[in-house]
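Reassemble the complex: the two chains are provided individually, in unrelated frames, and hints are given to aid placement.
Chain order of the listed sequences is A and B. Here the first sequence stands for residues 1 to 295, numbered as in the working numbering. Here the second sequence stands for residues 1 to 270, numbered as in the working numbering.
Incorrect hints may appear among the rest.
[Stated by the list, open to error] In silico lysine to aspartate or glutamate, EDC-like type, Cα no more than 16 Å apart, as pairs: (1) A:K257 to A:E58; (2) A:K134 to B:D234; (3) A:K62 to A:D44; (4) A:K8 to B:D234.
[Claimed, not checked] Pulled from the structure, derived: some chain A residues nowhere near chain B, Cβ distances all over 10 Å: (5) L9; (6) Y60; (7) F73; (8) L84; (9) V88; (10) D147; (11) A148; (12) R151; (13) A194; (14) D198; (15) G199; (16) A200; (17) T212; (18) T218; (19) D234; (20) F247.
[Stated by the list, open to error] Partial selection, computed: residues in chain B whose CB lies under 8 Å from chain A: (21) L7; (22) T114; (23) M264.
These are computed hints drawn from the structure, not numbers from a lab. Cβ coordinates follow ideal geometry from the N, Cα and C atoms, glycine included.
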Amino acid sequence: MRLDPNSKLAQRLNPVLFLFPALSIYIVFALYPTVSVIEYSFTDWDGISPKRNYIGLENYRKMFSDKIFWEAFRNTFVWSGVILVINVGLGLVIAAMLARVWKARLLIQTCIVLPVVISPMAVATIWRWMYQPKGVINQVLDGVGLDALTRPWLGDPSVVLYALAFAHSWSTIGLSVIIFLAGLQAVDEDLYEASKVDGATPLQQFRYVTMTALRPVTAVVFILTLTQSFKVFDIVWTTTQGGPIRFSEILSTYMYKRGALENDYGYGSAIGVALLVIVSFATIIYLQIQNRKDQ
Amino acid sequence: MARKWLLLFVLGVIAVLMAAPLVLTVFTSLKPTTELVNPAWYPPQELTFDHYVRVWTDGGFSGYFVNTLIISVVDAIVMILIASLAAYAMVFMEFRGKMLLQLLFVLGLMIPVTAVVLPLFQIVRSLGLLNSHLGVIFADLALAVSVFVFMFTSYFAGVPKALHEAARIDGATEFQIYRRVVMPIATPAVVTTALLEFLWSWNDLLLRLLLMTRDEMRTLSVGLLNFQGTMTRDVTGLSSGTAIMAIPVVLLFLVFQRSFVRGMTAGAVK
Numbered sequence: 001m002r003l004d005p006n007s008k009l010a011q012r013l014n015p016v017l018f019l020f021p022a023l024s025i026y027i028v029f030a031l032y033p034t035v036s037v038i039e040y041s042f043t044d045w046d047g048i049s050p051k052r053n054y055i056g057l058e059n060y061r062k063m064f065s066d067k068i069f070w071e072a073f074r075n076t077f078v079w080s081g082v083i084l085v086i087n088v089g090l091g092l093v094i095a096a097m098l099a100r101v102w103k104a105r106l107l108i109q110t111c112i113v114l115p116v117v118i119s120p121m122a123v124a125t126i127w128r129w130m131y132q133p134k135g136v137i138n139q140v141l142d143g144v145g146l147d148a149l150t151r152p153w154l155g156d157p158s159v160v161l162y163a164l165a166f167a168h169s170w171s172t173i174g175l176s177v178i179i180f181l182a183g184l185q186a187v188d189e190d191l192y193e194a195s196k197v198d199g200a201t202p203l204q205q206f207r208y209v210t211m212t213a214l215r216p217v218t219a220v221v222f223i224l225t226l227t228q229s230f231k232v233f234d235i236v237w238t239t240t241q242g243g244p245i246r247f248s249e250i251l252s253t254y255m256y257k258r259g260a261l262e263n264d265y266g267y268g269s270a271i272g273v274a275l276l277v278i279v280s281f282a283t284i285i286y287l288q289i290q291n292r293k294d295q
Numbered sequence: 001m002a003r004k005w006l007l008l009f010v011l012g013v014i015a016v017l018m019a020a021p022l023v024l025t026v027f028t029s030l031k032p033t034t035e036l037v038n039p040a041w042y043p044p045q046e047l048t049f050d051h052y053v054r055v056w057t058d059g060g061f062s063g064y065f066v067n068t069l070i071i072s073v074v075d076a077i078v079m080i081l082i083a084s085l086a087a088y089a090m091v092f093m094e095f096r097g098k099m100l101l102q103l104l105f106v107l108g109l110m111i112p113v114t115a116v117v118l119p120l121f122q123i124v125r126s127l128g129l130l131n132s133h134l135g136v137i138f139a140d141l142a143l144a145v146s147v148f149v150f151m152f153t154s155y156f157a158g159v160p161k162a163l164h165e166a167a168r169i170d171g172a173t174e175f176q177i178y179r180r181v182v183m184p185i186a187t188p189a190v191v192t193t194a195l196l197e198f199l200w201s202w203n204d205l206l207l208r209l210l211l212m213t214r215d216e217m218r219t220l221s222v223g224l225l226n227f228q229g230t231m232t233r234d235v236t237g238l239s240s241g242t243a244i245m246a247i248p249v250v251l252l253f254l255v256f257q258r259s260f261v262r263g264m265t266a267g268a269v270k
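Chain B with its partners taken away, still in its complex shape (with noise of 0.2 Å):
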């Protein structure tokens, strides 16, 4: 029994030290400047919400943070519809470079996005998609698509083969399949890919520093980054800013935690 509590104990201790460097971020943000003289784990005395509206509306974080959520919601919704008809081309469909192709997408779990950063700056400019959204879009999608098919090529590998024949005999065309027998029993994979592409390209610096150089496309990394440039010693701003780009993910995170922990070990080779 002791050594149960002793158990419950140091996991609790490891739990409030992972926590802390979160919660302490947060009560900065919170504290009016007058006490930061205090330590950092001093709850704020008073709540402000000042600072949060400064770099909100003088700090360029409401634009930074639409540009985000943009690029962000079109990656995931993108990448659930063409995952998926990869994917059920590769499971339902007999055609000549299965083999192939099927190889051509494990190459893609390997391809480090760090690695190649330099010609996709090259060709992102080449196309004139420097300082859009759609480049970057291009980028996230292409980069991680892979592991998207992957995902989705196991779902659709469950659904008996019988219930597709049956839809082909009554006539239906496999686009009607796919979108009416296949993809409403591969709900759980579609949430995954939403969650995780969503998370991917809402936390990604490298190729929006590359591909955005323009302050009004900025996403919240890049104008994080910029910020902790220019205002160093700004202490309160940034653990708002840090706060801001914080804020959705870790409300994403609590409501759809089973769904995360799926997805983040399925796709973790990313």
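Chain A on its own, in the form it takes in the complex (with noise of 0.2 Å):
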């Protein structure tokens, strides 16, 4: 049987059958677990028994009291600055630079790419690896004289976040640079010449040409940094899982350690509510810039 294409029906089938597999797909994967962590953030489930009794805001109450979830959020925040300040600071220097020079430009432009595609799991066997106390850093630290600065870098809890961070920072950069790179080729030529003429030096060239004209792109890199270090699991968890004791604590980790490993569903569930809150709230501001900029 064929169906006239313009009948009724079909206009009437059509869209149900073109847009079936994803929606069920993305309804029973996705839309329904961001429902049901949100249920569960208010029950006493272990995750296991069939029995879960609604306990209010219970969760809630203990997560706001709960010292170790506030150490947890404040390692967050530090973690997500520390990748901030590398990313855009960092990101957009290597792209202002690498948008002046064209010898070698691909060679040195895949150098700092690459990294973002390899895994967080394989980024973090790496660092792990260089980051030991007889490992690379502190070899070349030695080896440059500066052997007061070695140390144990994971192991240590007055550096670990950071060193972690800056391994993170290592592997993402590269997407911040792309991003700068692309919003560089739509600033116009002659406001360098036209400040050149007036006598700028590059660094002044760099303050009110550059960053003046990438005003929207870096909000757009800001935000994408921010949401993308507050998801970070992978790497933290597979090199100190969160410690030494919790001084590498993220939030990530924590919700996975309580929910996940010790059976405290409701309380992780609460945990990974406060993560989808914060995040959602930075991505609707990214969408908001992102739309902006296209219009």
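Here is the structure:
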């Protein structure tokens, strides 16, 4: 039987057929879990037993008075702050330099962007090895006479969070550089010429021409880096699992510990909801900026 | 002139530092164990592929590799299909509730995988899909489909409506128009989707850690994590395992760099 493509029935049926595969998978495996995580956060479920009781806001009350939650919260912000400084600040500087160079540009760009495709698990293995007490980092420091700085990078409570943030930045800064570069291509070349005629130094050019023109792009990279750093789990979990003690505990690792490992499912879900709220909020801002840029 | 060279020099140093961790890993993976006493930045004096062979066979990486490849390839192909079909309906068809649907997909851009893994595990388990490729594939698709629906939507929006109308008047069905007229124009979006979804799927750890508990189902990310846990001091084994995991995506990146760069910028929100 062949349906007339212009019939009323076909016009009603077609959207359903075209949308069904994507929508059904999306609803079952993305939307439903999102609703569930909110629902679980109001229960005392352990994740296994068939019985669960609704306990209202008890998990949230517990969360707000949980010292470890606030430690993880603080760590997540410090972690994101370090990554923001490197990925936005250094990313912009590298992109601005790269835009002024023609020789070997593709080679340099490839070296900077390549780590972006490496899996966080591989990144974790590489950096864990480099950060070892007798690892490459300490060998180099020793070699150049800075042996006072050598330390067990992932075992030292005062640096572990920064060391991991640095490793994460290594593997993500390429993305910022690409986005900045795309933005720089849209900057009017005449502005540079004009400022040169006015006697601006390269540093002043960077400050007044580049940074002004790139303000919207910078906002995009800022929010993007922020949301991505909040979602990180892999690199911290596979290197320190939040340790030593809790000095590199971030929200995602704490949620995984409480929810998946200690079967405190309701409570873990409440932490998940906190994460959901923060990331959604940042993403809404991101989409707003993107929209304005497109118009 | 001198300034240009200074700039190039600084960038060169940055490039070398960025590449160093990868280069050192490859060096270590190719060194005979006797050369490990040398500093890590010494290139191997004598090349050996023993560590790769050891990890591939005894380390079980061949199995992990196959599992990862199956999941990533299926993910990429199915993603192209479902995302493009949905986007086609959103752009070329009229139906009620389109705005609501759009909003629903925007929601998908905001859901961080990390936040919903706990209930996701319960759903996959209750459907009997734990320790199956299918469970992970469904989860991957669901959590990334929004990104690609919007990617295809923006491509399709650029297809002249007259082209679609003309095909309709010629009596073509919607599916024929999708397949013969619209999809051939959207090749760049197809390539980007394939590359990006393959990459995300290849690299993911969290979902696989949670949904694959049996060793024979494990992917490279979980395999490497396990190997790291049991063979902490096996530096050469760990670096060749890392290289095995990285080589396919690095090659893909080098071949399709332009598409990758375009896709990563567009899909960065994920």
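Q) Against chain B, does Y60 of chain A keep a CB gap of more than 10 Å to every residue? A) Nearest chain B Cβ is 15 Å from Y60 of chain A, so the label holds.
So T212 of chain A supposedly isn't at the interface. Is its beta-carbon more than 10 Å from every beta-carbon in chain B?
21 Å, holds
V88 of chain A and chain B, when compared Cβ to Cβ, separated by more than 10 Å | 14 Å, holds
- Task: Measuring Cβ to Cβ, find out whether G199 of chain A lies farther than 10 Å from everything in chain B.
- Result: 16 Å, holds
Note to self: Is the claim that D198 of chain A lies outside the interface with chain B correct, judged by CB distances over 10 Å?
What the structure shows: 18 Å, holds
- prompt: Straight-line Cα separation of K134 of chain A and D234 of chain B no greater than 16 Å?
  reply: 14 Å, holds
Distal placement of L84 of chain A relative to chain B, Cβ over 10 Å: 15 Å, holds
Subject >> Status of A148 of chain A, Cβ more than 10 Å from any chain B Cβ >> reply: 19 Å, holds
Mind verifying the non-interface call on D234 of chain A? Its CB should be farther than 10 Å from each CB in chain B.
5 Å, violated
* For the hint on M264 of chain B, just tell me whether its beta-carbon gets within less than 8 Å of chain A. => Holds: closest Cβ of chain A sits about 6 Å from M264 of chain B, inside 8 Å.
Consistency of the no-contact label for F247 of chain A, given chain B and a CB cut of 10 Å = Holds: least Cβ distance 20 Å, greater than 10 Å.
>> Verify this label for me: D147 of chain A is non-interface relative to chain B, using a Cβ-Cβ cutoff of 10 Å.
In response: 14 Å, holds
Comparing the model with each numbered hint stated earlier shows that hints 1, 4, 19 do not hold.
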